[in-house]
Amino acid sequence: MTQPFRMPAGGRIDRNRPLRFRFDGRLYDGFAGDTLASALLANDVAVVGRSFKYHRPRGIVAAGAEEPNALVTLDEGARGVPGRVTPNLRATQMELYDGLTARSQNRFPSLRFDLGSLAGLAAPLLGAGFYYKSFMWPQGFWRRLYEPAIRRAAGLGKAPRAADPDWYVQQYAHCEVLIVGAGPAGLAAALAAARTGARVILCDEQAEPGGYLLSAPDVAIDGMAAPDWVAQTLERIADNVLVVPRTTAFGWFPGNLIGLAQRLDPASPGVRPDSRASTPADPYALGVEPPPVAPPRERLWHVRAERVILATGAIERPLVFPGNDRPGVMLASAALTYLHRYGVKPGQRAVIATADDSAYLTAIALHRAGLPIAAIADLRERPFGEAVDLARDLDIPVHAGAAVIGTEGRMRVHTVRLGTGQAVPCDTVLVSGGWTPTVHLASQARQPLRFDAASGTFLPLENAVGSAAGTFDLAACLRDGAAAGGLAAEFVVDGLPATAPSGPPLPAAPHAKAFVDLQNDVTTKDLYIAATEGFVSVEHLKRYTTTGMATDQGKTSNLNAVSTLAALTGQPMDAVGLTTFRPPYTPVTFGALAGAARDALYAPIRLPPIVQAGAVTEDVGQWKRARCFPRNGETIAAAVARERQAVRNDVGIFDASTLGKIEVTGPDAALFLEKIYTGAFAGLLPGRCRYAMLLGEDGFIRDDGIVARLALDRFHVTTTTGGAGFVLHHMEDYLQTEFTTLRAWLTSVTEQHAVIAVQGPRSAALLAPFIRGVDLGTLPHMSVREAHFDSIPIRLFRAGFTGEAGFEINLPPPDAQRVWDTLREAGATPYGTDAMHVLRAEKGYIVVGQETDGTVTPDDVGLAWMIPKGKRDFVGMRSLRQSDLKRADRKQLVGLKAEATLEEGAQITEPGGGFPLGHVTSAYPGIALALLQGGRARVGEALQVRRGKEAIPVTVVAPIVYDKPGERLRPTPVPVTDPLSVRPAETRVPPVPVSTADVGMVALAPATLLSLRAGAAAAGIGMALGVLLPTVPCRSVITERAALWLGPDEWLIQAPEPAEGLIALVRKGAGDHPISVVDVSHRTLALEIAGPLADWCINGFCALDLDLRVFPVGTCTRTVLGKAEIMLWRIAPEVFHVHAPRSFFPYVWACLRQAALSLGGDARLTPEGTAG
Amino acid sequence: MLLIPCPWCGKRPENEFRYAGQAHIVRPSDPASVDDEAWAVYLFLRDNPKGQHAERWRHIHGCGRFFNAVRDTVTDRFAASYKPQELSPGQGAP
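First to last, the protein sequences are chains L and P. For the first sequence, the residue numbers in this note's numbering are 792 to 1963. For the second sequence, the residue numbers in this note's numbering are 5 to 98.
Don't read these hints as lab results, they were simulated from the structure. Backbone N, C-alpha and C fix where the C-beta goes; we use that ideal spot for every residue, glycine too. Just to be clear, a hint being listed does not mean it is correct.
Here are the simulated EDC-like pairs of lysine to aspartate or glutamate, each with C-alpha atoms no more than 16 Å apart in a straight line [stated by the list, open to error]:
| hint | chain 1 | residue 1 | chain 2 | residue 2 |
| --- | --- | --- | --- | --- |
| 1 | L | K1914 | P | E18 |
| 2 | P | K15 | L | D1896 |
| 3 | L | K1677 | P | D40 |
Derived list of chain P stretches under chain L, where covered just means 3 residues or more per stretch with a C-beta under 8 Å from a C-beta of chain L [stated by the list, open to error]:
| hint | stretch |
| --- | --- |
| 4 | 6-12 |
| 5 | 15-23 |
| 6 | 41-48 |
| 7 | 57-66 |
Please build the complete structure, drawing on both the sequences and the hints.
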């Protein structure tokens, strides 16, 4: 037998499945069902780590989450998986698997010979708060020498440098009852709650539910051995309760949101799903046949529970005595667990040091298993009762009133010295100072705790049950658990000797080097120092000494620290109080917290509808835009210069699809726009456009764009790319809450239209052969027409941002690529955002966010003249009169001439330096724009701008350097040519459907979608369409057409026929009532997701409760999926439609695909096939 | 993540909403006739109570509506939510 401390029989391990694992480079044997801790103990590995501060050798103390010492690093680098490194794992919670590779921490060069242990010699310098007191001189040494050295010496495991190869998922879930902990109380609660029809989730941090009962084979419940009762109970609740093992409830957040961290099968961690999903080059190659995907490594649950039952149990308290940290010292209950669950004995000869009856049960069990118990040292003067008598009957020596006053041994304890004067040889000391209910979650949620004087512990006033509530009698735990689950039931418990309840925690003697907090190396001496220095508030004590901090959160130490402080300060414990516990209960990996949000799914990557071959792209918000199109071997600068030339002298094409677009409709649309924008629109003729600025109420420029009047009651407004969302929100704000009497509606059409800008002196000539329905030669600058490009319906603007004559074609996105390609083949030069910026800067056109920064007024950029004199009010107008906004020395927009290219953001000074007078806002070769104090009066002045260490002389000029009169914008006659055709449409490849056992996903064919806004006309429109417009929020009505409620006066109409006829039908139904109807068919793309786990799949990224009772068939709503807005529509119990804005569709598809893959195989989530 | 009650859609997760500042601050009907000081107060001065606070929210990724809600700034609990033109509950007038 290679495992010297393995019992010949017993335990819940599978002795037919031997496993090999590696710890600190050495191979060991264990069995399936072991934890790393139990397997190390079985192999007589006493020292598993070095302590945080003093580098003292430390062994395994506990058998669960409370383990303070046995923190190890899982490192599979040696097995060829470089990034699979997780530091600071508790060996007591690591399930053993074949090939597991772990190493100890905080030691050099090895566990046995650790140079850092010399820190023990410096211990007098390292007491509480030492870093505030020692190492103060010389001053400069702290940062350069002391702090780095201390940080290196202290601390835990190291984070890996290689990327994590595994994948992680998240899951939103809702339930009526969440039970935390599947011990006796939790299982009884689940058994009861399962009968109520409520949704119940039962989570437990261990691989096997059952808690204490798994360590109690001799105990019978209702005539059944406790482990068998667990098995039977799990079977009985399987259909109605979602049981999630290996799952730690780590935090309780506002609104009863509980965070659960679930470790999936540790033996087969995942391979990430194809990360090619939604790469820019290939947006729809999302469904390329994925590589075989193993389950994700961890799943983070966001559980919204109506009720939480805390059946979190209790943690045994160590005793605080000198030398209590020596390897071989272990909690008495942990020894019982190792014996009964893992078939491991903790040593060869044990001393029990206790102040509590429960340790007698361990003594009795170990004695019966053949392990000699050298002594029971009981701190109590007169221990009595069934358990004590039983121990005495077995001839275990019981020393009443005996304290341990010291231990001896280097890498393991070999002798215990008792206060009675005896020295007892042993290799194991099992300690019990009573029990501390685990109240972390309640404390995190700021729930009131009450102090129970008898047990000296703090107990939750509500939600807790079983030993978490201070109940330690097993039958009572079961009964109370069932009651919490809604059922009155009694359970008969046999085979458990009666024990007296635990007493309060015992204060430690003040001066001893006895450890209170093992993880943070805090001794009673540290507490004494802190108290004498005045840190008598328990929160101060915590911060000053670090007791109860960090990943441990005081699981074994807090109560001992509180009782010690109480004794030191002469206060009762309840006056000292308890520090507030912080989430997480045990550490949660960054992988789980990030979930899918990494790499391609970190944030949506929005792609314009045109794939621009040969483009160098840049990120503009979430968009990828073409910066320039370098030809073979061309530098970026050369490409930009060439593209600029092409626009100035010939014709260029530019993808402006990302510009925001809003349709403003209704009888008062013009009045509304006059309130929102600086311009006047009441008199604007249909077919004409006007440039306008949008100000905040504070008078500063927030956005700008073109307001185009399509009809008396219909405007097409453009916004900047980055401002699209903000402008719509800003307009809705004023429309809904201030200008509420105006009859106007807003519809985002940003993604309904692709936009191709055609700019340059030859633009009209290039376009003329394709354009039907409008004479380009006479169309005045700043006008708009509905027309056709060949047969494609377009909204054609005569406008631009280059200073050249030009057009902007708004067209359906599915046709954009072939129109682009047609124009490119016809001789147009594609240009990107870089050339666009140079072109506009030469004209002095501002870019919001570049020339403006939220503190810039229209006058500052020289555009005050554009505000009509007759206007009395628009948003921001009043603020322009505030004194500060009228100061003459405000920064004003100017041009700068310089020999060298300046840097954007650089400060402008007088020649020779001095106080900054302004800054460069845009800089290109030969031209720069700047905001300069009193700049307009400084034209001609010589100033200086720094670039690094260099001072560049500049001359202030007017901001417009190109075609100031605007002569080049005038229309010129176009020679008549033969009509040309657009190249044929290419077949688009839809994403490959996803199909797993439980979820299918497919892209939906396009349908006609109308955004309808109507008040009183709704009934009439419903009649005309043959589908009633639902008035109940978030409901839909489906006939041949469908009407979906999206807002109080907003519906989405989906129909199979073309938009034109449908719009006419809607208008007819509306009669004389003002309404808004906008074709939004192209704005979104849709997918269908179906199957028994479709709802779970959506809940991988969407926080809505999709239970059929809450979200019945027909429910439709906008919501959030990951980081994208979607419209979610339940068509049937297991069928959903998801509409996403075109540019977000690849992201949404990839998210749902990943969720579908995560739910396959071992990671299934249904109650019948619980994960794990 | 908080659950926020939308007067139309019911309780929804926080990420569907956008905060929009203190409620019941009315834009002067004729800003041109407001003096500098009163305008500055309208623009910039806001309450910062510990406890119940009437504030504006928009269900931006839902029904799109602005509404008002009374939230306790200590516990983050929502006491009420109501449509923009409605009065703050329990206070009679806003």
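(request) Please flag the earlier hints that this structure goes against, numbers listed from lowest up. (result) none
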